Amino acid sequence: MSYDDDALDLALAALPLEEPPADFHARVMAATVYRPEPAARPWEVWLLGTFVALAAWVAWIVAATPHAGERIVATLSDAVQTAGLSSDYVVLWLAIGVSAAWWLSTITVPSSPGRVEAK
Amino acid sequence: MGLALAVDSPLTAPVEDDQALIAATLAGRSEAFGELVSRYQRAVYHLAVRTLHDRTEAEDAAQEAFLKAYRALATFRPGAKFSTWIFTICYRACCDRLAKRKRFSGEELPDRADSAAGPELLAERSDEAERLRAAIDGLPEKYRTVITLYHLQGKQYEEIATVLNLPLGTVKTHLFRAKEQLRKALTA
Numbered sequence: 001m002s003y004d005d006d007a008l009d010l011a012l013a014a015l016p017l018e019e020p021p022a023d024f025h026a027r028v029m030a031a032t033v034y035r036p037e038p039a040a041r042p043w044e045v046w047l048l049g050t051f052v053a054l055a056a057w058v059a060w061i062v063a064a065t066p067h068a069g070e071r072i073v074a075t076l077s078d079a080v081q082t083a084g085l086s087s088d089y090v091v092l093w094l095a096i097g098v099s100a101a102w103w104l105s106t107i108t109v110p111s112s113p114g115r116v117e118a119k
Numbered sequence: 001m002g003l004a005l006a007v008d009s010p011l012t013a014p015v016e017d018d019q020a021l022i023a024a025t026l027a028g029r030s031e032a033f034g035e036l037v038s039r040y041q042r043a044v045y046h047l048a049v050r051t052l053h054d055r056t057e058a059e060d061a062a063q064e065a066f067l068k069a070y071r072a073l074a075t076f077r078p079g080a081k082f083s084t085w086i087f088t089i090c091y092r093a094c095c096d097r098l099a100k101r102k103r104f105s106g107e108e109l110p111d112r113a114d115s116a117a118g119p120e121l122l123a124e125r126s127d128e129a130e131r132l133r134a135a136i137d138g139l140p141e142k143y144r145t146v147i148t149l150y151h152l153q154g155k156q157y158e159e160i161a162t163v164l165n166l167p168l169g170t171v172k173t174h175l176f177r178a179k180e181q182l183r184k185a186l187t188a
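Same order as they appear, the protein sequences are chains A and B. Oh and the first sequence: position 37 is 37 in our numbering, straight run, nothing missing. Oh and the second sequence: position 23 is 23 in our numbering, straight run, nothing missing.
So here's chain B without its partners, still in its complex pose (with noise of 0.2 Å):
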């Protein structure tokens, strides 16, 4: 069975779609881009929010991932796949994010379990989606990041390994341990 996209029209949509949208913009329809970012907010900011866990920089980070693809667009590989450019681009301001804070608070963050989503707050959340969501943000950040972007982007493993920049191997090797980890956790 094969997993749904998770976002409602955008990566379904056409890659020819995102391309003639780009090409607008470039030729100054502005509304050209506001399509863009109509279609990818949501995914973004899904990915930003789960990445860092903290609404107000997610909503900064995925502000910062359309300011940059806006300004980078000539520079944008025709035949490429807008969602893995701007997902790329959101990932690496998290992870700009993530080291600051690590910078500063000396946590280690990015291979560490959230603490705020233990066992005894999965079980305060009755929801299936709540749960669901409660045992992704459990997860190691390493994980988490793999399994969010495998909900946005489906089964394509190597547009994955492209935002992620990490060996095709790796990925699908993360994605297993996240899923018998998610399974733990929703089971338990």
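Just chain A, with the same shape it has in the complex (with noise of 0.2 Å):
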């Protein structure tokens, strides 16, 4: 049988498509839309790992260390000390200052009547 370029067309538009298995489907959808979420992202596992670590590590240090207790109390009394936080006046803004910063984080901005939303 001679094929021309028509006759080709005619034959490649008959052939029929390979069939998926009968799971096909149900496996897209089982690792798709019904893929139940992770407990926690990846990047959250490694920050929490990070902190258990690290956790663990200055415990180790201060069971390790005598007197570390003693130790770690004077070096962040004198850390207040040095940022002036010991001073009534500096919590006193301090406070005043995070009120501020709050009330501001709750102001929402009416958005303006030309903005179209994006789709």
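Think of the hints as simulated: they come from the structure by calculation, not from any bench. Please note: incorrect hints may appear among the correct ones.
Per label pair, the in silico range of CB-to-CB distance [to be verified]:
1. Val52(A) with Gly169(B): 55 to 63 Å
2. Leu26(B) with Ala26(A): 19 to 27 Å
3. Thr173(B) with Pro21(A): 42 to 50 Å
4. Ala7(A) with Ala23(B): 40 to 48 Å
5. Phe104(B) with Ala101(A): 28 to 36 Å
6. Gly169(B) with Pro38(A): 41 to 49 Å
7. Ala72(B) with Ala100(A): 41 to 49 Å
8. Arg35(A) with Asp17(B): 20 to 28 Å
9. Gly79(B) with Trp102(A): 26 to 34 Å
10. Pro78(B) with Leu85(A): 53 to 61 Å
Calculated from the model, a selection of chain A residues having no Cβ within reach of chain B, i.e. all distances over 12 Å [what the hints assert, rightly or not]:
11. Ala7
12. Leu12
13. Pro16
14. His25
15. Thr32
16. Pro42
17. Glu44
18. Val52
19. Ala53
20. Ala55
21. Val58
22. Val62
23. Thr82
24. Val91
25. Trp102
Covered, in the sense of this in silico footprint (three residues per stretch, anywhere, with C-beta under 8 Å from a C-beta of chain A), are these stretches of chain B [stated by the list, open to error]:
26. 30–43
27. 58–66
Note that the structure is a prediction, hence the values are computed from the model and not measured. The beta carbon of each residue, even a glycine, is placed where N, CA and C say it ideally should be.
Using the hints, put the two standalone chains together into the complex.
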């Protein structure tokens, strides 16, 4: 049989498609829309792991160092003194600043009427 | 005479239909994505089988294509054709697998004709469709993919060029040569 361009096109059009396995659709759905959400994202797991490792390391240092508790308390109180946090005025202004920042973050600015939401 | 599209409903369906399904999927209607999978699973699997020559690998590549499409659905450009997009994803997944296969086996897979589908095998396959399928399998990979997409997408050369990331002229040349080789194989 000879095949001109049209005959070849017809033969190609009549060629049946390969049939995927019967459970293909179900497997795709299970891997996509029906896939359960992971309890935590990978970066969250890494962050938590880092914190746990850091905490374990600090606990080990504290346990291994004599009088570590007193030293830590002394270092922290020195830091508070240096930063001026022992002063009532500094603490007051800091509280005012934090409150203002929190209040500003709760304000909702209405969008302008000409703005079109992206679909 | 025009080449009829090979897929039952999906590629003849209006683009808006697919767009509506995509929008519904993004809105959280899981059955909408199920409908998209139903529409394109045969075509995507067919492309993977014809490109990879391995049903198990083709299954994985086709599944991977749908998975990637689902994850990237929000980035789908409105107005584009879903078929072109999913075929592109599937073709890339197949290329990755071919590259891996080539790396591990050292075979010259992409441009090599399939030795399993030689003239002897062609003679054994009496049925016309089987002979045509065997002839397609016997084409070098670059021609086989072009003819497979021509089969799936009809005479939409620009869509084929987009999927393969090739210039339009190259697609037409590949198609011309693929048809020449098919004719020779079928009349031999």
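Non-interface claim for Trp102(A) versus chain B (Cβ beyond 12 Å) | Per Cβ check, Trp102(A) is outside 12 Å of chain B; nearest 33 Å; holds.
Using the Cβ atoms, figure out if Ala7(A) sits within 40 to 48 Å of Ala23(B).
-> Check passed, 42 Å falls within 40 to 48 Å.
Per the hint of 55 to 63 Å, is the separation of the Cβ atoms of Val52(A) and Gly169(B) within bounds?
-> holds (60 Å)
Supplied distance hint 41 to 49 Å, evaluated on CB atoms of Gly169(B) and Pro38(A) = Given about 47 Å between the Cβ atoms, the range holds.
Please test the hint of 53 to 61 Å on the beta carbon pair from Pro78(B) and Leu85(A).
-> holds (55 Å)
Ala72(B) versus Ala100(A) beta-carbon gap, inside 41 to 49 Å or not | Check passed, 42 Å falls within 41 to 49 Å.
Is the hinted range of 42 to 50 Å satisfied by the C-beta distance from Thr173(B) to Pro21(A)?
-> Since the Cβ atoms of Thr173(B) and Pro21(A) sit about 36 Å apart, the hinted range of 42 to 50 Å is violated.
Test the statement that Ala7(A) is away from the interface with chain B: the closest C-beta pair must be farther apart than 12 Å.
-> Not fine: 9 Å to the nearest Cβ puts Ala7(A) too close to chain B.
Hey, is Val91(A) genuinely clear of chain B, shortest beta carbon separation above 12 Å?
-> Label holds. Min Cβ-Cβ 47 Å, cutoff 12 Å.
At the C-beta level, are Leu26(B) and Ala26(A) separated by a distance inside 19 to 27 Å?
-> holds (22 Å)
Are there three or more residues in the region 30–43 of chain B whose C-beta lies within less than 8 Å of some C-beta in chain A?
-> Three-residue rule met by the region 30–43 of chain B, so holds; n is 8.
May I ask you to check that Thr32(A) keeps its beta-carbon over 12 Å from the closest beta-carbon of chain B?
-> violated (4 Å)
Hint violations for this structure: numbers 3, 5, 9, 11, 12, 13, 14 and 15, all remaining hints satisfied.
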